[in-house]
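Novice: Let's have the full structure, built from the sequences with the hints guiding it.
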Amino acid sequence: MDTSVLPIIILLPLILGTFLVLWLKRFSRGVTALGAIGVSLTSFILLLTQAKQVLNGVVLSEQWSWLPQLGINFSFRLDALGLIFALLITGIGTLIYIYAYYYLNPRNSLNKLYALLMLFMAAMLGISLSNNLIILLVFWELTSISSFLLVGYWNNYDAAQRGARMALTITGMGGLAMLGGFILLGQITNTYEIDQIVTMTDTIQSSSLFIPVLILVLLGAFTKSAQFPFHFWLPNAMAAPTPVSAYLHSATMVKAGIFLLARLMPIFVGSALYHGLVTSIGLLTLCMAAFFAIFKEDLKGLLAYSTISHLGLIVCLLGLGSPLAVAAAIFHIINHATFKAALFMIAGIIDHETGTRDLRKLSGVWQLLPFTATLTMITAAAMAGVPLTNGFLSKEMFFTELLANLSGGLAVFAAFVATMAGLFAVAYSARLVHGVFFDGDIGRDVPKKNAHEPPIGMRAPAIFLATLCIAVGILPALLVQNFVNAGTRASINQPEFEGVHLAIWHGFNLPLLMSAIALIGGIIFYFALAKGGKIRDIDLDPLLGKLQGKLLFEDFLKYLLTYSRKIKRATETGSLQNYLLWIVIFSIVMVTIPLYGNGIFTGTRELSHAPILAIVLWLLLFSACWMMLWFHHERIKAVLISGAVGLVVTLVFVTLSAPDLALTQITVDVVTTVLLLMSLSLLPQLTPYESSQTRRWRDAVIAIGGGLGVGWIAWLILTRDHNSISWFFIQQSLPLGGGSNVVNVILVDFRGFDTFGEITVLGIAAIGALCMMDGMRAHGTVMTQGLTYRFNPSPLMFRITASWVLPIALVVSLYIFLRGHNLPGGGFIAGLITSMALVIQYIALGQDQAEQMLKAKSGRLYEIWIGFGLVIAGITGLAAWLWGRPFLTSAHIYIEPVILGKMHLASAAAFDLGVYLTVVGATMLLISVLGDSRNTSMTGPVPKG
1 MDTSVLPIII
11 LLPLILGTFL
21 VLWLKRFSRG
31 VTALGAIGVS
41 LTSFILLLTQ
51 AKQVLNGVVL
61 SEQWSWLPQL
71 GINFSFRLDA
81 LGLIFALLIT
91 GIGTLIYIYA
101 YYYLNPRNSL
111 NKLYALLMLF
121 MAAMLGISLS
131 NNLIILLVFW
141 ELTSISSFLL
151 VGYWNNYDAA
161 QRGARMALTI
171 TGMGGLAMLG
181 GFILLGQITN
191 TYEIDQIVTM
201 TDTIQSSSLF
211 IPVLILVLLG
221 AFTKSAQFPF
231 HFWLPNAMAA
241 PTPVSAYLHS
251 ATMVKAGIFL
261 LARLMPIFVG
271 SALYHGLVTS
281 IGLLTLCMAA
291 FFAIFKEDLK
301 GLLAYSTISH
311 LGLIVCLLGL
321 GSPLAVAAAI
331 FHIINHATFK
341 AALFMIAGII
351 DHETGTRDLR
361 KLSGVWQLLP
371 FTATLTMITA
381 AAMAGVPLTN
391 GFLSKEMFFT
401 ELLANLSGGL
411 AVFAAFVATM
421 AGLFAVAYSA
431 RLVHGVFFDG
441 DIGRDVPKKN
451 AHEPPIGMRA
461 PAIFLATLCI
471 AVGILPALLV
481 QNFVNAGTRA
491 SINQPEFEGV
501 HLAIWHGFNL
511 PLLMSAIALI
521 GGIIFYFALA
531 KGGKIRDIDL
541 DPLLGKLQGK
551 LLFEDFLKYL
561 LTYSRKIKRA
571 TETGSLQNYL
581 LWIVIFSIVM
591 VTIPLYGNGI
601 FTGTRELSHA
611 PILAIVLWLL
621 LFSACWMMLW
631 FHHERIKAVL
641 ISGAVGLVVT
651 LVFVTLSAPD
661 LALTQITVDV
671 VTTVLLLMSL
681 SLLPQLTPYE
691 SSQTRRWRDA
701 VIAIGGGLGV
711 GWIAWLILTR
721 DHNSISWFFI
731 QQSLPLGGGS
741 NVVNVILVDF
751 RGFDTFGEIT
761 VLGIAAIGAL
771 CMMDGMRAHG
781 TVMTQGLTYR
791 FNPSPLMFRI
801 TASWVLPIAL
811 VVSLYIFLRG
821 HNLPGGGFIA
831 GLITSMALVI
841 QYIALGQDQA
851 EQMLKAKSGR
861 LYEIWIGFGL
871 VIAGITGLAA
881 WLWGRPFLTS
891 AHIYIEPVIL
901 GKMHLASAAA
911 FDLGVYLTVV
921 GATMLLISVL
931 GDSRNTSMTG
941 PVPKG
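Read in order, the letters of the sequence shown correspond to residues 1 to 945 in UniProt numbering.
Hints are computed from structural coordinates only; laboratory data are not their basis. One should not assume that every hint holds.
[Said to hold, decoys possible] Computed cross-link-like contacts, SDA-like style, restricted to lysine to any residue with a CA-CA straight-line distance of at most 20 Å:
id, residue 1, residue 2
1, 566, 579
2, 568, 579
3, 558, 173
Specialist: See the structure below:
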């Protein structure tokens, strides 16, 4: 059994597909389309190769450790439920790629659309195949981001931008709520693995955190699947291109919330709150959206509200929670994907050929688009639940399960609401067919009078899906019964479930009567509204007034923005002094609250007398800090004094036998002092005296209070015994990390992920400075209040000395780098030593000559160093996966070269090399940016000197 196919199915569109379609744009649109279709079809075929065994109850799984201590692993699982969704995602995705090729105007970027659709497809496949809640959440948020980009594909349209922002905001907030639910679920079960969680129903439901978990997870599911009251984002997302609407809002994205409910349903079934809340919300959404769909003038708006209605039907079935109700839900998921994707494609064809999708302008199009009209009749019949279509069968199952799982007055009320929803569905389906193709003169108000049938390639996907609607409606047991039953068993986690028998005829019964009432009543209701064109004059928006979800959302954002601006004006005064004031006050309060009343007095640990050296260092540090306070208005002096403080701290580390920290401190101190001096050259030499006497006393009190507080906390810690974990690192540094320098092993192995994050931030900061400082260069400028630079040649002795410093420093850097795993040193310190040597070259030779010597004109070389450093560090971490070890796990061996003798090699050295390159690149890029003389437009001319 090959389980490695699972990540391949996701990675094909995520990496290969996304980059392939972007690369193929250099050829033709047809080649690009073939590439996208090929990738999607390959994933679909790979899923089919696993279908037989999965439908027989076999569960394929694969896992790679990532953060096992936190329970977060790359864990994938393919069961029947995941298979159904994955086949829908890849199968309909393939049809969408074919359709999009013909739909999209050659002036629009086809490769951009394909790349975004590939990204979205991968995210949805990740949701379907993930077995870890946190990884599922990552893919969940990726669908929100990719759908935001897809809905806003036409970014020059204001409606597209508004719809994209609304969709991202609503689904993003739901995702945050769901994250909270997942974390609580992990706290209850001590795992994030879904296959383990669904077996702990009793543990979860007996927990005091069950209700918060249920509410938070339902918020995520309801926002994603557009359930009331979060439904309004879906119609506003219809500004997306029609292929996007057909894919995201019928078959995939809006089904993500439903998939989550189906996947986690075993832990919720049996809870009265779950059944009551989910069933009622689903029933309300079903009826409400079906009614609104009737009166929508936009063809895609009608389909959007019908989608919301059908999603409500599925949610209602999942809320009932019985095995047969779940089977009906899964059956309708399949059916809805087929007829709704086809209907959106047909809407795109009508818009593409006639030039409009406004139902007030569309009429009598039958003779212009007869074939499209036939496809519309078939798929609209399936949507309405007409007999001999797949929609009829799943609608009958819905009616049956609604009556079987509810009783008394509740059953009567639910049956009435469901019947009315079915009646409204027939009405909006009738309007879709009659209003577009038959109502009125032939194309009287159609913008394109010469409208004709589109190419067969554009119709082929809709033809295929319409054929499925009829085929499944006639032969359900042959085509989909195995999928439905296997998916139900996987969802309810009951392998013994016998399954449901899908058939066209179940005799005369109450559900059939409900269907007949809905069908006949819906036709009568529509034609009563359509008589004399009255339906076109009905506008529900004025009736709803400010109760519309869109308006409520916009009002909420308006008030949020208004009050945010008020808070911003009140707090962002432009005074660094005020910012620091509030930061210090807030910190004091937040620390005082938990410590108050907890015995914040000197501990019982035995104290020792301070040695003379410690007293001397303390006096030096006190003197330096006092000088900083005295000269803080003189910026250059303040920087130099802060450098002196850093040197004293270095001596403290030496005294406390921390050579690694001492080396790091002194190198950081020197480099940052140089950077600060160059930065301050952009500012006046003196800090303005902004404070009054009262404010100075206030600031002094707060500063003293904050300083004493930090000092007292340090004293409380030092005077108390504590259980240190240093013994673990001391014992395991050599056997597990392959190095005797505990500090370095912690940085590159035990806490390597932290280090990787830190160098990433360092690189981002340097690149950010490059962008931010554009037009604000220090080198060669005249500041009206600042320093005047005159670039006289450096003394000859200094230049000669500098020429010797660089090679010596590089040798020292190499020595420090190589010994870092076993003795004080490492890539970070070596990188700073190299940076200091290069800075000396800048000072001695001037920036232009130094960068010419280093071939680093404009700092481009340093950007490359940053990139290479991050890539090397990342690849080193990923390499551990090849041996089945966690990310960034170090490997080490001993070799004995002929001349050099026994040597110890560790893979951490490669990671350290990435650290070295990133540190040097980031430091020198900052130096280069601050000293660049080419752009002086904002600071005056370059003086001659």
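Novice: If a hint holds in the structure, say so; if it doesn't, say that too.
Specialist: Right, here's what the structure says about each hint:
1. 566 <-> 579: Satisfied, since the Cα-Cα distance of roughly 17 Å is no more than 20 Å.
2. 568 <-> 579: Cα-Cα ~12 Å, so holds.
3. 558 <-> 173: 17 Å, holds
Checked against the numbered hints given earlier, the structure satisfies every one of them.
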